[in-house]
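As given, the protein sequences belong to chains A and B, one line each in that order.
Numbers in the working numbering are just positions in the first sequence, counted from 1, shifted up by 30.
Numbers in the working numbering are just positions in the second sequence, counted from 1, shifted up by 30.
Treat the hints as calculated values from the structure; they're not laboratory data.
There may be inaccurate statements among the hints.
For chains that are exact copies, the list does not tell them apart, and a pair is met inside one copy or across any two.
As the list claims (entries may be wrong) - Dumping the calculated BS3-like pairs for lysine-lysine here, alpha-carbon to alpha-carbon at most 27 Å:
#	residue 1	residue 2
1	Lys402	Lys38
2	Lys462	Lys347
3	Lys212	Lys410
4	Lys462	Lys473
5	Lys92	Lys154
6	Lys402	Lys235
7	Lys348	Lys56
8	Lys56	Lys41
9	Lys402	Lys92
The lines below spell out each chain.
Number of protein chains: 2
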Amino acid sequence: MNASEFRKKGKEMVDYVADYMEGIEKRQVYPDVEPGYLRPLIPATAPQEPETFEAIMNDVEKIIMPGVTHWHSPHFFAYFPTASSYPAMLADMLCGAIGCIGFSWAASPACTELETVMMDWLGKMLELPETFLAESAGEGGGVIQGSASEATLVALLAARTRVTRQLQITSPELSQAAIMEKLVAYSSDQAHSSVERAGLIGGVKLKAIPSDGNFAMRACALKEALERDKASGLIPFFVVATLGTTSCCSFDNLLEVGPICNQENVWLHIDAAYAGSAFICPEFRHLLNGVEFADSFNFNPHKWLLVNFDCSAMWVKKRSSLTGAFKLDPLYLKHSHQDSGLITDYRHWQLPLGRRFRSLKMWFVFRMYGVKGLQAYIRKHVQLSHEFESLVRRDPCFEICAEVTLGLVCFRLKGSNKLNEALLEKINNARKIHLVPCHLKDKFVLRFAICSRTVESVHIQQAWKHIKELATQLLQTEKE
Amino acid sequence: MNASEFRKKGKEMVDYVADYMEGIEKRQVYPDVEPGYLRPLIPATAPQEPETFEAIMNDVEKIIMPGVTHWHSPHFFAYFPTASSYPAMLADMLCGAIGCIGFSWAASPACTELETVMMDWLGKMLELPETFLAESAGEGGGVIQGSASEATLVALLAARTRVTRQLQITSPELSQAAIMEKLVAYSSDQAHSSVERAGLIGGVKLKAIPSDGNFAMRACALKEALERDKASGLIPFFVVATLGTTSCCSFDNLLEVGPICNQENVWLHIDAAYAGSAFICPEFRHLLNGVEFADSFNFNPHKWLLVNFDCSAMWVKKRSSLTGAFKLDPLYLKHSHQDSGLITDYRHWQLPLGRRFRSLKMWFVFRMYGVKGLQAYIRKHVQLSHEFESLVRRDPCFEICAEVTLGLVCFRLKGSNKLNEALLEKINNARKIHLVPCHLKDKFVLRFAICSRTVESVHIQQAWKHIKELATQLLQTEKE
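Between the sequences and the hints, there should be enough to build the whole structure, so can you do that?
Written out as structure tokens, the structure is:
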């Protein structure tokens, strides 16, 4: 395929994409296929001879689309949103064409420098303390990671390196393995599974701190764990505080937890994967109060800030604490500017070596929406979740299970877990909307997350009416 | 921006991309900018109000392009290739539109199932042993990782889990930390820096095995290290063999190393990041002989198989060895099919949770090129590298520093390292072509890698003429 054919097919693809987005509401949000559906529809081996673009596009509708869960349908209320916007898609096309691998400054200076500046832009939108910004006189800065899981792991590894180096000075009799055996990390029992996984990968203990009645990590529970562990000879080194948990969008108490971490010389990482985007609105910024105590902070613009996956924004107060954990410099990656102090080689900030020119997506989205446009988008989602919340609250058969702060509503039928499991099954089997559940303490709960960029009040009303109907049927059957 | 505006701007972007690719040869391959060039050209904060697409595209040419290293220029011979093709770009547009996050089967069945089948297609193109294929009766299968670094780390972590579990049964007196302290991984001294980094992250020792005169890891050196370490109480558990090293594209001796790993119950991971693509050609397949001894195998279609970044293909003989190392199942990710044995939840195969619909790129590229088209592409690059090799060999001032097997030529002026450093500096300062160096044993060597999809004999001849001229000037100055 040459450039002139690409001009033609590329424009057909643009139209296909626009058609898909315009027609998505009419597609069934969750597919009917059974596991293994696809293999019989596809040849067992790659073709020897080239096939046409048209043949493939036919198969997209015939083979792929019937197996797609449509995350951008206004009937999709599962998990958390994943971002999708036209400006981000346009930027991604450009990113694919430039196709540079920005592991070092020299590998494509624009790729590195735009990222640094975009992370400053975003940091300012959140009113992050200056110490996290690269333009400040401090030692901080931001980097785009692939996912919040990677950010948590990178932070844990940096913290592990920091504490190990400190201990090797103060307690030279301890071997590295002896240190590793004593290290303990902490998160709330509501933290994302990726935190537990980071502990597994890093080879350190991870302890879950019992959350309070509002599903938040509080000072007393953390302190108790720290004291108990220190008394038994362990070394606390890392705490993950979550702002906007996956289960119910609860918030750990940063203003309590932060000072303790600082006093105890424990690295504080904040995971605000979903909720972070909301902090660009002044009325939600208070949820981030206490970030000044953190060593690292992360959230995913690829969830709720209209920047298509992947774009996970991470800031650290000390660049050297990341680079110190990873820095290895083979000759084929050295370049003449790298010791100037002016430049950033992002390969030292992340797990993989390769990286795409992802900051283009931020640049396009921030400029084409403007801060006001992005704020309006967040506010609309929050308003819709409150709309759903009030529908639930008005119905005596249902209950709200956690405070609704942003775009997630946790609710259930008053009654047994079994009843609610049956309701969820009915909802997802009907295929009109898509939800996933969670456990809150011992309760089986339905999560209603405002996800799609194009979701409107009418979809919320339809969804509620549908849920209500299925619930009425279910309660009817129960009675009979 | 709505769908109808996207139809218009998207088509403008398609034309911009086509223009960029058609005109890339005329752009200076390596930029003139100095560190910090970009920040003064961009506002200090994001705009409050929306800006137009046109304003941004103006800035792309004014601010971004002057700082881009053009990886797809036919004058780019640095690092290794990074893939770029129109079919992959078309697929990426579709991937962006569907925008699903395929962490589990249910999150988008098509995303998971196409990946499994595409990995089988690719495995068959390479004639991988059946045990690595998901369609076989065995326990193997493939997964797309983000990068070879991640694949190496995932393999190391799976191997660490496997050996730890085995030892906890056979030597229950050993604590996990005591085991970690004894674990040793190995790779050749020519292995990529990501291998050393995987050791750092995994908290295990990594030892470099001295390579032989052809920069290959051989049986005797590996055996010696294993015996010495076992004698001193250490536990060898992981070997990375490299096929196509970054420095000089040398090949570890799999047929020697493989059986030793199997005898010693050591996990063998093969990293063929660059070279792997060539194995789709029957005449290069012998370089992969011995893969049958491996537990895991990885290469990057995003380097040399025309699938744009990121797409790193990894296969394992036992799926359960990966998933066993990572599996955590919170309720919001559970779904009704997951225990059927028929389905794959790829989140258990990788470090991050989120993942894009990357197999679409493989599907488009494999079908629009056909296997024959892909083979022709590989062969053309290999032919061009031999063309450059013979130009170098014909010149008595120069020497070839390592066997030229695929698309990389390592060469230098006969003479001191200083002389060759001066030559490289002259070449890169002239900005007509772009190269990076490597060290082979103690020699400073220039790497000439065939990279661009559009590079032709004429570019090789121009590049050599240019290098020759600069070398002649340099030798002249030296004499004076």
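Between copies, within a copy, both or neither: which fits Lys402 and Lys38 at Cα up to 27 Å?
The answer is between: 24 Å across copies meets 27 Å, while 36 Å in one copy does not.
What label fits Lys212 with Lys410 when the C-alpha limit is 27 Å: within, between, both, or neither?
The answer is neither: 47 Å in one copy and 56 Å across copies each exceed 27 Å.
When no copy is named, should Lys462 and Lys473 be tagged within, between, both, or neither for a Cα gap of at most 27 Å?
Classified as within: same-chain Cα gap 25 Å, cross-chain 66 Å, threshold 27 Å.
With identical chains treated as interchangeable, where does the CA-CA distance between Lys56 and Lys41 reach 27 Å or less: within a copy, between copies, both, or neither?
Close inside one copy (23 Å) and across copies (25 Å); limit 27 Å.
Have a look at Lys402 and Lys235 and pick one of within, between, both or neither, based on CA distance no larger than 27 Å.
neither (43 Å within a copy, 51 Å between copies)
Same-copy or cross-copy closeness of Lys348 to Lys56 [CA-CA at most 27 Å]
So Lys348 and Lys56 fail the 27 Å test inside a copy (49 Å) and across (41 Å) alike.
Alpha-carbon proximity context of Lys402 and Lys92, limit 27 Å:
Between copies, since 26 Å is at most 27 Å while 41 Å is not.
Evaluate Lys92 and Lys154 at a C-alpha cut-off of 27 Å and name the case that applies: within, between, both or neither.
between (46 Å within a copy, 25 Å between copies)
When Cα atoms must be at most 27 Å apart, do Lys462 and Lys347 count as within-copy, between-copy, both, or neither?
neither (46 Å within a copy, 40 Å between copies)
When each numbered hint is compared with the structure, violations occur for hints 2, 3, 6, 7.
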